[in-house]
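Participant: Here are the chains, one letter per residue:
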Amino acid sequence: MFEMSKNVTYKGTVVEYHLENPHSHIIIQIPASEGKDLAGRWDIEGGAVNIMAKQGWTKTTYRPGDPITVVAHPMKDGSRAASLFYAVMPDGRRLYHDIARPNADGSAPPPG
Amino acid sequence: MSPLPVLDWLQNTGWATSLKESTLVFPLVEGSHLLALSFSVGMVMVLDLRLLRLCLRNKPAAVVMRELMPWSLMGFAVMLGTGFALFAAQAVSAWSNPFFRVKMILLVLSGLNALYYQLRYYPRMAEWDRDGTPAGVRAIAVLSLIFWIGVIACGRTMAYEL
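Heads up: the protein sequence lines correspond to chains A and B, in order. My numbering puts the first residue of the first sequence at 1361, with every later residue one more than the last. My numbering puts the first residue of the second sequence at 3, with every later residue one more than the last.
In case anyone wonders, no lab produced these hints; they're calculated from the structure. Each hint should be verified, as a subset may be incorrect.
[Said to hold, decoys possible] Some but not every residue of chain A turned toward chain B, in silico, with C-beta under 10 Å:
#1 M1361
#2 S1365
#3 L1379
#4 E1380
#5 N1381
#6 P1382
#7 H1383
#8 A1408
#9 V1409
#10 N1410
#11 A1413
#12 K1414
#13 K1419
[To be verified] Covered, in the sense of this in silico footprint (three residues per stretch, anywhere, with C-beta under 8 Å from a C-beta of chain A), are these stretches of chain B:
#14 14-23
#15 26-35
[Unchecked claim] Here are the simulated lysine to aspartate or glutamate pairs, EDC-like style, with alpha carbons at most 20 Å apart:
#16 A:K1436 to B:E163
#17 A:K1436 to A:D1403
#18 A:K1414 to B:E23
Built from N, CA and C at the ideal position, the CB exists for glycine as well.
Please construct the entire structure, taking both the sequences and the accompanying hints into account.
Facilitator: Below, the structure is given as structure tokens:
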């Protein structure tokens, strides 16, 4: 249901943050300034708590109102939801959904 | 009357919330649900195949049933308990999931199918097993296989929508 080969960067504000089983969800609001294709409310879907906790996600990684940047794979049907690839933290560190993947250019993911 | 207030209460009970947010208990419950499935449904399918004379042909059906059903029922108890817990962790979204609804309908049909067998054919099992399996028994076995495959397919598919 997701276009897994497509990476889209979503920049917005956290509306809801649910680190939950079976799948986590981050609801983000993207402002109109990002263009009409991206503007609006998106459901970014992550994995189970166990899988995400191993990557360093905690209950307080995000709070409603926080700015957020995620890279995710959009739905094939065009609806406003996407499968989380990684979040970019304020210090530039990547927080992956599950196992740390190589970067788009094939280089190794950052350590940690 | 909408069941949503009750389901909302259920998924916000302390234990359901803890399960939803747990790192270890949820995968253990999920795993147990699937392991219990192999006992519960696996044994039922072997019995269905025996009723269709596709396996264990040299054993009386009554013996096969007596040997397998306790394992099946034990598995079913675990499956029901873990299934209810998994449902409680996401009661509202599970309820609105079409695959969950079809799964519940198939479970009820499967139960009615088994009940009908118990009432109509079970008491004289030894007799018809020796003289030839009635068409009704064969139909019940086929329906049972279809219903349980449907239950499993729906259970697996609903997880993509949660």
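Participant: Tell me, which hint numbers fail for this structure?
Facilitator: Violated: hint 2 alone.
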